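Undergrad: Spelled out, the chains give:
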Amino acid sequence: MKVLRITIPVLLLFTVLFTSCSDDDVPEAENEEEVINQITLTFTPSEGTEVVTATYYDPDGEGTEKPTQDDIVLKANTEYTLTMSLKNTVGDENEDITEEIKEESDAHMFFFGFTEGLFSDPQGTGNIGAGNRDDKDINYEDKDVNSLPLGLTTTWTTAEAKSGNFRIILKHQPNLKSESTTTEDGQSDVDLNWKIEIK
Amino acid sequence: MKKLGLIFIFSLLFSVVYSQKKDCSLDCSCSFDGVITDAQTGEPLAYASVQVKGTEKGALTNEKGYFILEKLCSQEFDILVSYVGYKSVVHHHDLFHKHMNVQLAEDDMILESVVVEGDKQQSGLSTAAENKISKQELDLVKNESLGDVLTNITGVSTMKTGANIVKPVIHGLYGNRILIINNGIRHEGQTWGSDHAPEIDVSQADNVTVVKGASAVKYGPDAMGGVVILNPPKMELLTGHLHGEAGVEAGSNGRSLNGNLLLQEGYKKWAWMAQLSGRQQGDMKTPDYYLTNTGARELSYMAGTRYHHKNIDLQLSYSHIGQELGVLRGSVVGSLEDLALAMQSEKPAYTNSDFSYDINNPRQEVQHDVVTAKGEYNFSNSMLKFEYGFQANRRKEFDVRRSNNNELPSIDLELFTHTLDLEWLHPEINGWDGSIGGQWLYQDNNNVPGTNTVQFVPNYNNSRFGLYITESKPLDHFTLEVGVRYDYQQANVRGRENDNGIYRQDLTYNSVTGLIGISKELGQYGHFRTSIGSAWRPPNVAELYSYGKHENEVEYGFWRWEIKSAGAVGSSRDVADQDSKPIDNETSFKWLATYNYKTSKHDLEITPYVNYMGNYIYTRPGGIVSTVRGPFPYFLYDQTNALFYGLDASYIHHHNKTFSSQVRGSYLYVKDVSSDAYFVGITSNKVGYKLNFEKSILGFDNVNASIEGNYIFKQYNAPKVISPTEIIEGEEAGTPVIENSNDRFDFAPAPDGYFLLDAQVNVTMGKLILGLRGKNLLNTSYRDYTNSMRYYADEPGLNVLFSAKYKF
Numbered sequence: 001m002k003v004l005r006i007t008i009p010v011l012l013l014f015t016v017l018f019t020s021c022s023d024d025d026v027p028e029a030e031n032e033e034e035v036i037n038q039i040t041l042t043f044t045p046s047e048g049t050e051v052v053t054a055t056y057y058d059p060d061g062e063g064t065e066k067p068t069q070d071d072i073v074l075k076a077n078t079e080y081t082l083t084m085s086l087k088n089t090v091g092d093e094n095e096d097i098t099e100e101i102k103e104e105s106d107a108h109m110f111f112f113g114f115t116e117g118l119f120s121d122p123q124g125t126g127n128i129g130a131g132n133r134d135d136k137d138i139n140y141e142d143k144d145v146n147s148l149p150l151g152l153t154t155t156w157t158t159a160e161a162k163s164g165n166f167r168i169i170l171k172h173q174p175n176l177k178s179e180s181t182t183t184e185d186g187q188s189d190v191d192l193n194w195k196i197e198i199k
Numbered sequence: 001m002k003k004l005g006l007i008f009i010f011s012l013l014f015s016v017v018y019s020q021k022k023d024c025s026l027d028c029s030c031s032f033d034g035v036i037t038d039a040q041t042g043e044p045l046a047y048a049s050v051q052v053k054g055t056e057k058g059a060l061t062n063e064k065g066y067f068i069l070e071k072l073c074s075q076e077f078d079i080l081v082s083y084v085g086y087k088s089v090v091h092h093h094d095l096f097h098k099h100m101n102v103q104l105a106e107d108d109m110i111l112e113s114v115v116v117e118g119d120k121q122q123s124g125l126s127t128a129a130e131n132k133i134s135k136q137e138l139d140l141v142k143n144e145s146l147g148d149v150l151t152n153i154t155g156v157s158t159m160k161t162g163a164n165i166v167k168p169v170i171h172g173l174y175g176n177r178i179l180i181i182n183n184g185i186r187h188e189g190q191t192w193g194s195d196h197a198p199e200i201d202v203s204q205a206d207n208v209t210v211v212k213g214a215s216a217v218k219y220g221p222d223a224m225g226g227v228v229i230l231n232p233p234k235m236e237l238l239t240g241h242l243h244g245e246a247g248v249e250a251g252s253n254g255r256s257l258n259g260n261l262l263l264q265e266g267y268k269k270w271a272w273m274a275q276l277s278g279r280q281q282g283d284m285k286t287p288d289y290y291l292t293n294t295g296a297r298e299l300s301y302m303a304g305t306r307y308h309h310k311n312i313d314l315q316l317s318y319s320h321i322g323q324e325l326g327v328l329r330g331s332v333v334g335s336l337e338d339l340a341l342a343m344q345s346e347k348p349a350y351t352n353s354d355f356s357y358d359i360n361n362p363r364q365e366v367q368h369d370v371v372t373a374k375g376e377y378n379f380s381n382s383m384l385k386f387e388y389g390f391q392a393n394r395r396k397e398f399d400v401r402r403s404n405n406n407e408l409p410s411i412d413l414e415l416f417t418h419t420l421d422l423e424w425l426h427p428e429i430n431g432w433d434g435s436i437g438g439q440w441l442y443q444d445n446n447n448v449p450g451t452n453t454v455q456f457v458p459n460y461n462n463s464r465f466g467l468y469i470t471e472s473k474p475l476d477h478f479t480l481e482v483g484v485r486y487d488y489q490q491a492n493v494r495g496r497e498n499d500n501g502i503y504r505q506d507l508t509y510n511s512v513t514g515l516i517g518i519s520k521e522l523g524q525y526g527h528f529r530t531s532i533g534s535a536w537r538p539p540n541v542a543e544l545y546s547y548g549k550h551e552n553e554v555e556y557g558f559w560r561w562e563i564k565s566a567g568a569v570g571s572s573r574d575v576a577d578q579d580s581k582p583i584d585n586e587t588s589f590k591w592l593a594t595y596n597y598k599t600s601k602h603d604l605e606i607t608p609y610v611n612y613m614g615n616y617i618y619t620r621p622g623g624i625v626s627t628v629r630g631p632f633p634y635f636l637y638d639q640t641n642a643l644f645y646g647l648d649a650s651y652i653h654h655h656n657k658t659f660s661s662q663v664r665g666s667y668l669y670v671k672d673v674s675s676d677a678y679f680v681g682i683t684s685n686k687v688g689y690k691l692n693f694e695k696s697i698l699g700f701d702n703v704n705a706s707i708e709g710n711y712i713f714k715q716y717n718a719p720k721v722i723s724p725t726e727i728i729e730g731e732e733a734g735t736p737v738i739e740n741s742n743d744r745f746d747f748a749p750a751p752d753g754y755f756l757l758d759a760q761v762n763v764t765m766g767k768l769i770l771g772l773r774g775k776n777l778l779n780t781s782y783r784d785y786t787n788s789m790r791y792y793a794d795e796p797g798l799n800v801l802f803s804a805k806y807k808f
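Those protein sequences? They're chains A and B, same order as listed.
Residue 117 in UniProt numbering is what sits at position 117 of the first sequence, and the numbering runs on without skipping anything.
Residue 7 in UniProt numbering is what sits at position 7 of the second sequence, and the numbering runs on without skipping anything.
Isolated chain A (complex conformation) (with noise of 0.2 angstroms):
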């Protein structure tokens, strides 16, 4: 029974493997760089120092809490820069995804749609939809490596008082961007309605 000789140190020693090696490891913290819940917007008015910011947040990022949105006011007849910014700050993350727009602003582009009345300039309705990309209907104040428009800074002019809503869709289009893409093109990472009061 030569066998069982080397058989049963062998099972004990599995015995042995199978109990002793349980390790306790927590996966590694991680910085969320795929949510975004948080978006402020940014009119800064070419004269005056009132400054108008809308926020957008969204506490538990991919869970079902209800977000906050601000509504967007503006005074009438005025000149406005819009900048944006967009963040990760479920739990206890800052994670900045601006800065990761930036890095990559030639497969990024923010495309905008609003009530037709609400401005002065650029008029029409904005530049979402199939086959409505013309440029010169947003007033894009930044480039890509390209020079294609990327739209984290943008200007706007308000005309007379009214309400109606604001769109900003953000297109993650990598190797695709160009002077001809769409909202049809690419991948929403932001898709936000606002609501817009002129004042």
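Check before you lean on any hint, since a few could be wrong.
Listed below are the simulated DSBU-like cross-link pairs for lysine-lysine, each with C-alpha atoms no more than 30 angstroms apart in a straight line [what the hints assert, rightly or not]:
# : chain 1 : residue 1 : chain 2 : residue 2
1 : A       : 102       : B       : 549
2 : A       : 66        : B       : 657
3 : A       : 102       : B       : 396
What follows is a list of derived Cβ distance ranges for each label pair [claimed, not checked]:
#  : chain 1 : residue 1 : chain 2 : residue 2 : range
4  : B       : 248       : A       : 66        : 38 to 48 angstroms
5  : A       : 73        : B       : 344       : 32 to 42 angstroms
6  : B       : 280       : A       : 130       : 36 to 46 angstroms
7  : A       : 66        : B       : 757       : 45 to 55 angstroms
8  : B       : 504       : A       : 130       : 45 to 55 angstroms
9  : A       : 66        : B       : 280       : 19 to 29 angstroms
10 : B       : 344       : A       : 153       : 17 to 27 angstroms
11 : B       : 674       : A       : 66        : 24 to 34 angstroms
12 : B       : 711       : A       : 66        : 43 to 53 angstroms
13 : B       : 563       : A       : 199       : 22 to 32 angstroms
14 : B       : 280       : A       : 46        : 51 to 61 angstroms
15 : A       : 73        : B       : 721       : 35 to 45 angstroms
16 : B       : 566       : A       : 29        : 27 to 37 angstroms
17 : B       : 501       : A       : 165       : 54 to 64 angstroms
If you're looking for bench data, these hints aren't it; they were derived computationally from the structure.
Treat the numbers as computed from the prediction; the structure is a model and nothing was measured.
Backbone N, C-alpha and C define an ideal beta-carbon position, used for all residues, glycine too.
Fit chain B to the given chain A structure using the hints.
TA: For chain B alone, coordinates are given in the frame of chain A:
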């Protein structure tokens, strides 16, 4: 539990030691018998010769192909079976396998002569229905995925993510609900993902068996729908010289190239084998456009050695498989509006007008390594078996992400699994024949840091211990089989919540599994088997801990959602546990019967089955969540009771020695019996016809050709459709179209039924076999209900494949 295990081992070993060993070297009282048949027709061969090598002893078969060798002075010997006009076969025989069946192939056939030992089935269960894909059938399709290969068995279908990621589905169940035994070891990977195909290279297998009947008693948790058993080439002793096979296959669609090499040699006491195979494939093409980023690369190798001495048989092997699989670029969507656009457009976004071998994101990189050590100790009337396996499964998944994160995997997991199986096939006691066994499993699952996203599944360590006994006894009119099993599992889970908070849990599960079945010969040609058995599995990590967006859906695991006020449900901030939100094991009771009628002219098989799944885990709509990307429907993992029933049927008619026809079909009906609703993604019904030709013509040794047509029906038993556009419009109007309910829906209707025509021809010239086959010969445009790419793109069109194989 440790103590119990040791007691079990010792009692098992002692019973082995004390079981009597038969020694016939003194009185020459050993004997054995068998039957020799034609490998193709199954008809008995009379006057075939069986010779014990190195002795004068031998015998001829009678009219029924039966022979008996008596007065043998040794338990083991080498025998030579020969017959004029047929390929001879040398076999090392031991007396544990009392009854042997030698299937001789004619000299001019592709078939090889084989020895089938014992009348036991692959699963070791005598009442479980089994279907086998033989080496000859496998050779034709061995470069395809395991899932696609298995569809050659009636009742087996696929769950796909494009053409390369294919999961096998048995009787409507897949993933954690079926079990794959590869080279004797439970295959363990990240099976929770519907886009995680088993990391198995079919070209490393010699034959594949699907056990459709209840067999969880033998195999343990997960064997609910069925078990897939893959066996590598058997390392035969006394091969005489180096044997091998070298083959290449090139395909027009995807411009694929496959290469395989197998070498093996057996000596008096030991044998070895080595195998290598590789695959390169680019973008597949539908009849109208390229499926951009659907390429695949695969490299696999395997080496094994076997030592045999008297009662001992030992095998050691190592295998590796590495895959890089592209996923259709156009399947990536950010918002519901993106999904609506993708579904409306004729061809997917990002479709290139040119072919490419490039594989970009989204893609998967998978590595699977296995070391196995197996041993058998033969007594004259019993056998002890052990199998140890170590598996390392590494999976990286790359998504389309922002900036530098594109180079980082968003899922990066390592799963290490040790398994140890012991089985004792005991001597017959009062007519009871069977086996007692024990199984251990230890797993360590780790997230590899550096994904820049919170882990989708937690780290865990998992130990499992199972004991079983299965017994069968021939009674007056039938053979009765009974079995019982106990499993105990303990897991320690550590994960991260979305705000990087830590959760830790200890989970224990245990269950008793049972089986009862009968097997009966009906007349000279008929055989009837039926069994009813239970099976179970614990919930997997994705079902418990998922949180957030995955592909185009937002999902919350069972412990990540809660009932809020007024019946509304939502994600929970803290992870629930077994105390606060108990979850039961998923259980299955499967009844299956199979009737087989086989003569030289007819081969009929009918298999009805019913599977009642208790605490069946599935996802149902929970409502609509507002996200920064707009509204999304979200889904909750929940439990219900489901009924699966169906029928597999196959009939082969041999018109003459040259032509045969096969008709086959499978039917499946699945319903949620608790809430009277259908599930999304249930296998469609299918019927098919195949005409086969085999003859030595035009001066070739053999010409084998077949043409096959299959019709796959539309799935009518599907939930209602709510399109992404309807959801968006409902949100805008303030009237949500999805609420917390059992009312399931799909984004798009089930695709229409379709007809596919395939054909192949294989020509044998001595040791060379040339093959030509065509898939989707009519270049049909179609979409398949169980392919998640059906929202975005058509299935591949015509594919013509040429192969050359040299056997030596």
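Undergrad: Would you mind marking each hint as holding or not holding in the structure?
TA: Evaluation of the provided hints:
The hinted pair formed by residue 102 (chain A) and residue 549 (chain B) meets the criterion: a straight-line CA distance of about 24 angstroms does not exceed 30 angstroms. At roughly 72 angstroms between alpha-carbon atoms, residue 66 (chain A) and residue 657 (chain B) are farther apart than 30 angstroms, so this suggested pair is violated. Straight-line distance between C-alpha atoms of residue 102 (chain A) and residue 396 (chain B) comes to about 27 angstroms, which keeps the hinted pair within the 30 angstroms bound. As the Cβ distance of residue 248 (chain B) to residue 66 (chain A) is approximately 60 angstroms, the hint placing it in 38 to 48 angstroms is violated.
Checked against the hint of 32 to 42 angstroms, the C-beta distance between residue 73 (chain A) and residue 344 (chain B) comes to roughly 37 angstroms, which is consistent with it. With their beta carbons about 38 angstroms apart, residue 280 (chain B) and residue 130 (chain A) fall inside the hinted range of 36 to 46 angstroms. For residue 66 (chain A) and residue 757 (chain B), the hinted distance range of 45 to 55 angstroms is satisfied, since their beta carbons lie about 54 angstroms from each other. Distance hint check: the CB atoms of residue 504 (chain B) and residue 130 (chain A) are about 50 angstroms apart, consistent with the given range 45 to 55 angstroms.
Checked against the hint of 19 to 29 angstroms, the C-beta distance between residue 66 (chain A) and residue 280 (chain B) comes to roughly 50 angstroms, which is inconsistent with it. Residue 344 (chain B) and residue 153 (chain A) have their C-beta atoms about 33 angstroms apart, which leaves the hinted 17 to 27 angstroms range violated. The hint said 24 to 34 angstroms for the Cβ distance between residue 674 (chain B) and residue 66 (chain A), and at roughly 30 angstroms that hint holds. As the Cβ distance of residue 711 (chain B) to residue 66 (chain A) is approximately 49 angstroms, the hint placing it in 43 to 53 angstroms holds.
Against the hinted window of 22 to 32 angstroms, the Cβ-Cβ separation of residue 563 (chain B) and residue 199 (chain A) comes to about 43 angstroms, which falls outside the hint. At about 60 angstroms, the CB distance of residue 280 (chain B) to residue 46 (chain A) agrees with the hint of 51 to 61 angstroms. The given range of 35 to 45 angstroms is respected by residue 73 (chain A) and residue 721 (chain B), whose C-beta atoms sit roughly 41 angstroms from each other. Range check, residue 566 (chain B) to residue 29 (chain A): about 36 angstroms between beta-carbon atoms, so the 27 to 37 angstroms window is met.
Evaluation of the 54 to 64 angstroms hint for residue 501 (chain B) and residue 165 (chain A) yields a failure: the beta carbon distance comes to about 37 angstroms.
Comparing the model with each numbered hint stated earlier shows that hints 2, 4, 9, 10, 13 and 17 do not hold.
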